[in-house]
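J.: Use these hints to put chain C onto chain S, whose structure you have.
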Amino acid sequence: MMEQTDEELWLGYNSGDAGAFEALFQRHKGRIFNFAFRLTGSRADAEDVTSDVFVQLFNRKFQDDGRAKLVTWLFTVARNACLSRMRSAKHFVSLWFKDNADGGYKQWDIPDDSAPPGAELGKKELAQVVRQALFKLPVEQKEALILREYFQKDYAAIAQILECSLEKVKVLIFRGRERLREELGPMITEEGQ
Amino acid sequence: MNAQDWKILLSAYADGEVSPEEAAQAEKLLLERAECRTYFEELRKISSSLGMIPDETLSPDAELKVFAAVHKEGSMKPAYWKKGAAVAATVLVVVLVFDNYARHGIQGRLRDASTIEMTAAVPMKPQEQIAFKKSEAVDWMPNMLSRGVQGRLKSSSDDIGDQFATSSFRKDKDVRRGSWGSGALQEKGNVVALASVAGKSVQYEPYYSTSVVNNRAAFADAELSAKSMPMARNGYGYGGNVDGSRMAYDRSLVQAYSREYYPSSQNIQYAPGNTEEYKRIEENSFFDAANDPLSTLSADVDTASYSNVRRFLSQRQMPPEDAVRIEEMVNYFSYDYPQPWFGQSFSITTDLAACPWAPGHQLMRIGLKGKVPSGSSLPSSNLVFLIDVSGSMADANKLPLLKEGLKMMVQQLRPQDYVSIVFYASSAHQLLAPTTGADKRSIIGAIESLRAEGSTAGGEGIQLAYQVARQSFIPGGNNRVILATDGDFNVGASSVTELERMIEERRRDGIFLTVLGFGEANLKDNRMQALADKGNGNYSYIDSLQEARKVLVSELGSTLFTIAKDVKIQVEFNPALVKSYRLIGYEKRVMAKEDFNNDRKDAGEIGAGHTVTALYEIVPAGSFEWPSSVGPNVDPLKYRQKPLIVTRPGNNSEIATVKLRYKDPDGNTSKLIAKTVKRGDYAPYPKGDFAWATSVAEFGMLLRGSDNRGYASYEHVLSNARNNIGNDPEGLRAEFVSLVETARSIDPQPQRQPVPVDDVYYDHSQPVDGSGQINFK
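Just so you know, the sequences run in chain order S and C. Per the numbering used here, the first sequence runs over residues 1 to 193. Per the numbering used here, the second sequence runs over residues 1001 to 1777.
Just so you know, the hints here were simulated from the structure itself, not pulled from any lab data. Careful: at least some of the hints might be erroneous.
[Said to hold, decoys possible] Below, computed lysine-lysine pairings styled on DSSO-like, alpha-carbon distance capped at 30 Å:
#, chain 1, residue 1, chain 2, residue 2
1, S, LYS168, C, LYS1675
2, S, LYS142, C, LYS1045
3, C, LYS1659, C, LYS1675
4, C, LYS1045, S, LYS168
5, S, LYS136, C, LYS1045
6, C, LYS1601, C, LYS1588
The following block holds chain C by itself, in its conformation from the complex:
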């Protein structure tokens, strides 16, 4: 018997899969031959080493996903009938329609199913669609809501079930405008149409809803409006499109519901009708310059908020408040700041003018402009495109748009630039090894071949992309991962922190990250911004081919090439001339004052040619407004030195000093530049770019319903903007004007109550010399 034969025999013998004769043979071999014994022992060791790979368990996340898939795709067969269903019992089925673009919406997720039998107040014919008045519909809600969850009821019978089966819910734009495809739900005003099924029990599928839109404007008036819906949150961070639903009902119920279950607003706010996520923003308030003269922030140029807001408005929806980040909107536009001097990385521009929305207040503008290195000195690029090709990316405004954008970008590459492509769906793969920019055909061919399908293993994708970036790292070059996704990563919460940790480590290796967001209804804005922050990069939202061209072609240099990192701004206000100040926007970029000089603190990145604009609203000294620390209800401070009052403030008196710290892209020590803002810099009305920036900021405050908006109004924004469009080669500013007009027409409260500034009047004991400040009384 040759070696192979007895080995096979012993292998089968080890598994007990031998006949009695073979068994006897095997035992004889083991007895007589040492090599057989050795081999047999090795088989045992193989078995035990395989045992070192532990069993895995389905994560709770995945288990629910499986469960959801089963219940979604499996038809609702009679299996769920309760035996012996009551004969005369009629059951109302409330059907909620999923609307991808819905203005109203409740989102949830299948958690578990329990069976409930409900009886209607009114007996009905089977399969009859009847419209109920809202008060009757409302009776159902407390029953569900008292469980602290919202859900939907589905019929268990086939004949009805199919009609309301989720597969028949339509996601296209028609549903958004009010036609209901499957006809399961009809809504007229505040009425929910229901259908009945006789004698069948229903399955109740609860959703977890844990957060509520906290939207003042929505509750302000009595009519049902898009923003009044309580939203559900994906508690498990489950990726993939969730079978959502839409419910229209009485606003008063919504208010009661939200007050009862969510007395304080949660951290995450949802856009109506989908599973988008936005981090809550608490607006910056005024600070007393005597107590807090220092304002420190990280200079960041994400612009995603503007294109995202544009996306909402072009679909005639008001954007959720927390999707509006004023600084990103202001920074979306380019401004004519002067080029830095030769050898400098930045130029700083400062302006001072009257505040358009608050009489007596002033606005200070700080503008940074990053240098544009000459083409020859731009380092080689090592770019890894990391592309989400999961099923949800198949929409026209996602993968196809991304492909077009990337192809346009590739045209700009030089021979010394290298591109690799990693894609991820159910798992991650590298599609293209680092390919020189001279071989555009291969790169474009690879981009073309991308297809969307599968789930979203984002974590794997990111790991793989960074690995590829490290392998093809160009020292001194521009090493960057460009992540293009609609936001769904399909990772659990703990894995997100792992990911972020990994990204932070790679950042220290010198690999930057650009995040491109696509699509809607799934946009995890907060997550993508967090990734871009952790990864030393920027986050742009691409809603159209034009935007793709802007980010990936005309602004490619600044998107790709970082000329400075960890860019921080610190402003010191002079309490002699400034009573209080407020930073407009940048809520999430605010830093502690100690962090300005701390080089270990990460801050924003600036790309080549990028501009950064920050606006401060200033209450000048001498006005009788109360700063936050002192006021009619606050005891006067005993020990604080009264600020030095400049008896004759002249044009050279300093309002503030602006300091800027930044590091070279591959440097570790920061450099400092500074500029002072003098009283003489003041001009009564902002002009040109400054005026444009203030109109964008004012618009942002209207969209957010800001308490600091003073006398802001759409009309004012429009007139200011129209007068200051200036140079607008790409029509972006004209587009802004039309967006404002749209907002004005769809805003349920276009005529906002002005938030009056405190009575402001001039203290005539303060001598002034023609500063142009408005005299009020």
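Extracted from the complex, chain S is given alone in its bound form:
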């Protein structure tokens, strides 16, 4: 089957082709899920967000009026869903919880606290460090960076998703990178990996 664009599929779905929705779902589910997962840090939340997004798509909440591409719309909906989740959960995060490195959200991996101190960090540990560093970023910077680094969105698309100006996107990405530079320290400033 010839590869149809998102817009063609959307048109197809609107005219009654069930398979078109399927195709859209398969095409974008990974992205949306990954975006939500990286943003919220919680797999369960990411799953919920993914279903929210596609439920809305299913219910034809996307208006194909040329303002935004379908994919951008998906990201916008996902972003809003993530933010509202993170916002409402925030006040439950205990101030007492000292080990709040990941903002109170637990990753699914079982933390491996058996590694002896000073040992060469393996790839998995490094990934965990990076993950935590990313997670610690303020939400806006995190969103912008994720969209840029993982989804290769251009600044214009990011501005659309974050509903802000191009200039702000540029600054957010810069600031996010500065933060990560500090956080990841030796990994970045010396020979990394």
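T.: Using the frame of chain S, we list chain C on its own:
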């Protein structure tokens, strides 16, 4: 240009988001200044280290969940029409109603959708509700069932779709009693009411059904009854409330279906109308004392089965067989065993009496009582409440009940006890740092603030709770996670094993686990029991405020304080006096005989003041019943030494020796105590507590339809129970009597055929001296 400016420029340049002029500027900077080059290189490294976080994929579980949500919440729009639908084709829609408390039920889960067009035998007017005779309805089933799945058909058109849309299915008690809310399905006797839609195609949503209730009683009679429905299993362990459905149809079809697709019973049995899970129990059989004189079991005091059975009966439903664990029912009640001697952790009590349901048989009772340490010597507690606040916990018999129970419990705490609270819904959070029992207000305030919503990240919750417990660990104290949930963990199968592994590790660290089960229709009884087992803890099912008070207040000491762990019992029967024996209940607690002395083998925990009762049914030597290894069809054994026959068994002759091994809560080496059961201990009729225990056991066997029930009957249970209520301050025993009465009235087969014991008669060549054994012939 200051540092910040060129950094921003380079950052945008790295993304290709600069104008041509800016690009030229950037390139000049890179050429001329080493620090710019360094910075640019660092940007590259940041990018590549971010790349170390791999992409995640939606687990198949989650993907289906998303898919299900989409199809459930999205309305069924014309998108699913086949183009050019036939004009004259009429389509029958079978609609199945979800009933949370349903007596009938098929549960399933949306797996995938395919479109099917079906035509009716009889053309019908659109949107007309017509009742079909069951034989006609049955024609539809094989079509679906031949796929090995069951499903439901929904109409694709809005006007009909809304009427049958899942959102209109009612879950309240009225539906259970037979009114159908949305009116989509009507059932009178064995008739399924259908509605028709003209000219529309339907979407067929198959469920996976992989297991079937194997219920003898259900198939025994011809009338449709609650227990006859084949059940579907959540193959993926998907959590959250599943859009279930209810189908009423001909029992003969059910039988055919089950025989064809599930010739042998599966490991998991479901309660009707929901997605509860119970582990299958194969009842213990009689063992020949000459060949297998040793019976070994782990002493465990879960009581969940009793309150669960009570929950079913109070809703006038027979409980599923595998939800009935006789030992838990017997152990639900407290018995008047003597306190252990000073310095001892346990007292052992043994009794022997005639078996009420099997003439010629005897019953041996073993009773353990755990010590009650004086209040001052009770160690400090480090309690982590781990609370499921997912959406499904919102029902009145779940989170609100739990909150009340916990608040009552908190009143009992002392200043040296600490409470933290972790809750989990879509993710896990710690709500309360360890707070002293002196500050009840903060604890109660935190409990009050809990709200139910979201999905169920149980795995995260458990990890977090154990982490908190470790952080606030009190050496030598009582460190315990108390998990309160309705059972849905929303983890995949592999994650369950990870979880169990983690819990086992933490157990070795000295953190115990108490599991409190709530609610129904979602109760993963098998899972919660498994967790409690792995976590050195107990599992209670809380169905009412009274039960909450029992577990969390009056029995708080025993719920919280373990006085012994890895408690094992081994009984050695004397083949000279015992021909065969059968352990009643404890099927899942049976251990290999070598494990008794093996301290590495985990066993049950006993709380302060707890009692454990085990019952053995004994066939005395001298009776002509065949033990399992020898019988009319088995060749006589050539090489086995004939057991020594005591020519004049006296009152001091030993029937059995009961040994008990246990460890102190923070100990690693077991201690041993023993007691012998003498022939002279025998009394013709069990009395008092012993009689009470036997009536509960007999009731359990009736509920399970046990093959070993002999002449058991509801009437007998009732008369035995009523005569032996004894001291019943909380009315729990009176409640038991009313439960038996309920069971008798709703059991489709109240008059059970007795399972006759083999012809038993006395061998008069064996001299006896007034032992009181019944002489039969």
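J.: Are the hints correct? Go through all of them and say.
T.: Comparing the hints with the structure gives:
no.	hint	in the structure
1	S:LYS168 - C:LYS1675	violated (81 Å)
2	S:LYS142 - C:LYS1045	holds (17 Å)
3	C:LYS1659 - C:LYS1675	holds (6 Å)
4	C:LYS1045 - S:LYS168	holds (23 Å)
5	S:LYS136 - C:LYS1045	holds (18 Å)
6	C:LYS1601 - C:LYS1588	holds (15 Å)
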